[in-house]
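2 protein chains.
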Amino acid sequence: MEGEPTLRLRIFDLNCWAIRYLSRRRRERVRLIGDTLRREGFDLVLLQEVWSEQDYSDLKVKLAGCYPFSHYFRSGVIGSGLCVFSKFPILDTLLYQYSLNGYPYMLQHGDWFCGKSVGSLGAVQGVTAPLLSLSLQLHAEYCRDKDAYLPHRLVQAWELAQFIRHTSKAADVVLLGGDLNMHPEDVGIRLLRGWAGLRDAFAEAAHFEGCKNGCTLVPDNCFTDKSELLPFPLGIRIDYILYKAISSFTVKCEELKTTTGPAPGTDIPFSDHEAVMATLHIQRQGQPAGATLGTADPALADVVTEARTEVGAGLRAAQRQRYSSGRMAVLALLLLLLQAAAALGTLAGLGAEQPFPKLSFCLLAFLALGVLVLSTGLHLFHTMEVKMLHGTEDQMWMVLRALQERP
Amino acid sequence: MEGEPTLRLRIFDLNCWAIRYLSRRRRERVRLIGDTLRREGFDLVLLQEVWSEQDYSDLKVKLAGCYPFSHYFRSGVIGSGLCVFSKFPILDTLLYQYSLNGYPYMLQHGDWFCGKSVGSLGAVQGVTAPLLSLSLQLHAEYCRDKDAYLPHRLVQAWELAQFIRHTSKAADVVLLGGDLNMHPEDVGIRLLRGWAGLRDAFAEAAHFEGCKNGCTLVPDNCFTDKSELLPFPLGIRIDYILYKAISSFTVKCEELKTTTGPAPGTDIPFSDHEAVMATLHIQRQGQPAGATLGTADPALADVVTEARTEVGAGLRAAQRQRYSSGRMAVLALLLLLLQAAAALGTLAGLGAEQPFPKLSFCLLAFLALGVLVLSTGLHLFHTMEVKMLHGTEDQMWMVLRALQERP
Numbered sequence: 462m463e464g465e466p467t468l469r470l471r472i473f474d475l476n477c478w479a480i481r482y483l484s485r486r487r488r489e490r491v492r493l494i495g496d497t498l499r500r501e502g503f504d505l506v507l508l509q510e511v512w513s514e515q516d517y518s519d520l521k522v523k524l525a526g527c528y529p530f531s532h533y534f535r536s537g538v539i540g541s542g543l544c545v546f547s548k549f550p551i552l553d554t555l556l557y558q559y560s561l562n563g564y565p566y567m568l569q570h571g572d573w574f575c576g577k578s579v580g581s582l583g584a585v586q587g588v589t590a591p592l593l594s595l596s597l598q599l600h601a602e603y604c605r606d607k608d609a610y611l612p613h614r615l616v617q618a619w620e621l622a623q624f625i626r627h628t629s630k631a632a633d634v635v636l637l638g639g640d641l642n643m644h645p646e647d648v649g650i651r652l653l654r655g656w657a658g659l660r661d662a663f664a665e666a667a668h669f670e671g672c673k674n675g676c677t678l679v680p681d682n683c684f685t686d687k688s689e690l691l692p693f694p695l696g697i698r699i700d701y702i703l704y705k706a707i708s709s710f711t712v713k714c715e716e717l718k719t720t721t722g723p724a725p726g727t728d729i730p731f732s733d734h735e736a737v738m739a740t741l742h743i744q745r746q747g748q749p750a751g752a753t754l755g756t757a758d759p760a761l762a763d764v765v766t767e768a769r770t771e772v773g774a775g776l777r778a779a780q781r782q783r784y785s786s787g788r789m790a791v792l793a794l795l796l797l798l799l800q801a802a803a804a805l806g807t808l809a810g811l812g813a814e815q816p817f818p819k820l821s822f823c824l825l826a827f828l829a830l831g832v833l834v835l836s837t838g839l840h841l842f843h844t845m846e847v848k849m850l851h852g853t854e855d856q857m858w859m860v861l862r863a864l865q866e867r868p
Numbered sequence: 462m463e464g465e466p467t468l469r470l471r472i473f474d475l476n477c478w479a480i481r482y483l484s485r486r487r488r489e490r491v492r493l494i495g496d497t498l499r500r501e502g503f504d505l506v507l508l509q510e511v512w513s514e515q516d517y518s519d520l521k522v523k524l525a526g527c528y529p530f531s532h533y534f535r536s537g538v539i540g541s542g543l544c545v546f547s548k549f550p551i552l553d554t555l556l557y558q559y560s561l562n563g564y565p566y567m568l569q570h571g572d573w574f575c576g577k578s579v580g581s582l583g584a585v586q587g588v589t590a591p592l593l594s595l596s597l598q599l600h601a602e603y604c605r606d607k608d609a610y611l612p613h614r615l616v617q618a619w620e621l622a623q624f625i626r627h628t629s630k631a632a633d634v635v636l637l638g639g640d641l642n643m644h645p646e647d648v649g650i651r652l653l654r655g656w657a658g659l660r661d662a663f664a665e666a667a668h669f670e671g672c673k674n675g676c677t678l679v680p681d682n683c684f685t686d687k688s689e690l691l692p693f694p695l696g697i698r699i700d701y702i703l704y705k706a707i708s709s710f711t712v713k714c715e716e717l718k719t720t721t722g723p724a725p726g727t728d729i730p731f732s733d734h735e736a737v738m739a740t741l742h743i744q745r746q747g748q749p750a751g752a753t754l755g756t757a758d759p760a761l762a763d764v765v766t767e768a769r770t771e772v773g774a775g776l777r778a779a780q781r782q783r784y785s786s787g788r789m790a791v792l793a794l795l796l797l798l799l800q801a802a803a804a805l806g807t808l809a810g811l812g813a814e815q816p817f818p819k820l821s822f823c824l825l826a827f828l829a830l831g832v833l834v835l836s837t838g839l840h841l842f843h844t845m846e847v848k849m850l851h852g853t854e855d856q857m858w859m860v861l862r863a864l865q866e867r868p
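Same order as they appear, the protein sequences are chains P and Y.
Under this note's numbering, think of the first position of the first sequence as 462, with each following residue one higher.
Under this note's numbering, think of the first position of the second sequence as 462, with each following residue one higher.
Derived from the structure by calculation, the hints contain no laboratory data.
Hints are not guaranteed to be accurate.
Identical copies go unnamed one by one, so any copy, or any two together, can satisfy a pair.
Unchecked claim - Below, in silico cross-link-like pairs of lysine-lysine (DSSO-like), each with a Cα-Cα straight-line distance of 30 Å or less:
hint: 1; residue 1: K673; residue 2: K523
hint: 2; residue 1: K687; residue 2: K521
hint: 3; residue 1: K718; residue 2: K687
hint: 4; residue 1: K548; residue 2: K630
hint: 5; residue 1: K521; residue 2: K718
hint: 6; residue 1: K630; residue 2: K713
hint: 7; residue 1: K819; residue 2: K673
hint: 8; residue 1: K521; residue 2: K548
hint: 9; residue 1: K819; residue 2: K687
hint: 10; residue 1: K819; residue 2: K521
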């Protein structure tokens, strides 16, 4: 408007599913992703699940010409898997690690070891505005009907929304791309839309091309787990590009695309997820728009209430687990004390007429010690979980109170 | 200036040393702190080391009349110990937990269990500006000459500076109060001054009253550990009130005070730290000041380089620890495999002429198993540590490059 120049920004977002030794045809796919990115020349590329630093380095070398700026976010045991390639200089980075991210003992799910985070970077755009772009992944959903990780994912969504509210004023436009592991109408997504004021590129796009309903996990993809998608024959949309304009800018989504199966000229897709590509128009307005932090939508209070109820349920479950692991630790300690008394009794010559069962005694003692160590560790872990769930519930309550007091 | 109203803001900051069962005369001191806060009527109170939620609740009840708004930040196993009381409404809170905070196996130091964090809150000020106030505590320094925690504390200082840079634009004035566990000229403090653009209320104060050099850990205090302060006969200054003005505001420190030993009318001080009290003048300027994010001070590059060197040293130490714990885990695993082979051999009837030493065999197996579990845990922990130190080193390098490219 008013003749201000428009910036046309092309963004690419993909969960690369590049787990060393586990992901099928990983190296081939990473090469393919690199080739495509080099050919297409996007402005900003947000990748997730690039677990191997070697893959990142290979991509960096290959893409140095067209994406001179890049960053890999390190965290957790395995890494965050997040990396960003940009045409624009990256001025500054910040990693926010979610306070809850599954359980270390759920080895088969492994989310805990990834140190899931939101990687934030301030990239400056030559013509117009500083951009804040975020790449992220939330905790996976392993079973939708009985989703034990829902409270953790909601805490992550809440922390993400809070993080965006607190950091976004340093930029003019916020762009978020990632695998949110949530369906479009899930409470976490509604929270991000309502409380962080983000807009969904799929819903806003003037033109869409790709898998039906913008799905990014589709049964046609040869790498997806078909049994997971049985209840959703069309697939599900869990990868998003979200955005919001701060201060005096407007953002419009001109076009949104997803890939649809095999990459052009090959027999395999990039990943088990489809890539999301958005073309955004960013324009400076004549005068600053009103603050867009938090919409005053009356439905927002309902969304926060719903999220708080789920977090509350998670809190009670965590309290139960804390209690039972604590009780187990106490029992193991009592058993050890009992054994110590028995051993002392034998040393003092009591019951000398019968042989002392050394082997079973030792086995029992080690078993008790093992249980004591493990259950103490679990107790500590669940204590932290309780603290964080409680803290989030508190924060949500504070926001609810503020929302209700607002006219 | 230009006739704009001035806001006079009185801030109280104290490390309360209120550890249940461990801190001497805790309940009495918490009562005393509450009485003083009620009597003095500060605008903003930032407390650290309030480890017991009961103490917070007692304070909250006592102070409800004069500080209607308050927040307790929950994190870690024990808690963050941070709480805030305010005359102004608290609009929003955010907890940023540092990615590194000591070692879980250093039980005698216990920092890891506290989940040390920076608690940030957006408090609105009726007359003028939204304030962002931060209450925090960094990792303690247990031995200045051979400070094993320096890299962790520097990562925390860096994350704090980055956090302030990214979140501070949402406010007009940033106020930070806390126990930074660093001397005034330590590299971490210089980093906060240089990179986050914070100003030290002690250095800026027009009028000062209290312990010499603004010290907050003084030998005169009956609760301090005298042996720790032997090299510093005057005491040390490790509690700070720092501030910065964003956008169109100016902040001036009219007065800074510290307590000096016993609280008035009693024989005990509030804590083993002295409290810091600042009176600030906040005024709107006629026109927006230039961005104050990051000073272009040429010395800043030296400070970041110095910090990066320390973090690099920490990284190499962490890599060594990761390697040795990994090697230990492999050795334990080998021993277990050897034992399994021996047991299978015995079952298969080999060496049946000699009695099988069941007891020592079991003891050895359990020992190996214990070492395997512990060293695997340590290996995972140090892997995370390496990732975070490496990530911080990267971020610092990126900033250094940007600083050097700047004219």
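Here is how each hint holds up against the structure:
Taking CA atoms no more than 30 Å apart as the test, K673 paired with K523 passes in neither setting, with 32 Å inside one copy and 59 Å between copies. Proximity of K687 to K521 under the C-alpha cut-off of 30 Å is found in neither arrangement, the shortest distances being 33 Å within a copy and 54 Å between copies. Within a single copy, K718 and K687 get their C-alpha atoms as close as 23 Å, which meets the 30 Å cut-off; across copies the closest is 67 Å, which misses it. Proximity of K548 and K630 under a CA criterion of 30 Å is satisfied in both settings, with 22 Å inside one chain copy and 25 Å between copies.
For the identical chains of this complex, K521 and K718 are intra-copy neighbours only, at 24 Å inside a copy versus 53 Å across copies, given an alpha-carbon limit of 30 Å. Both within a single protomer and between protomers do K630 and K713 lie at most 30 Å apart by alpha-carbon distance, with minima of 19 Å and 24 Å respectively. In this assembly of identical chains, the alpha carbons of K819 and K673 never lie at most 30 Å apart, being 68 Å within a copy and 65 Å across copies at closest. Only within a single protomer do K521 and K548 lie at most 30 Å apart by alpha-carbon distance; the minimum there is 12 Å, versus 51 Å between protomers.
With identical chains, the CA atoms of K819 and K687 are never at most 30 Å apart, being 54 Å at best within one copy and 50 Å at best between copies. Proximity of K819 to K521 under the C-alpha cut-off of 30 Å is found in neither arrangement, the shortest distances being 61 Å within a copy and 57 Å between copies.
Hint check: violations occur at hints 1, 2, 7, 9, 10; the rest are consistent with the structure.
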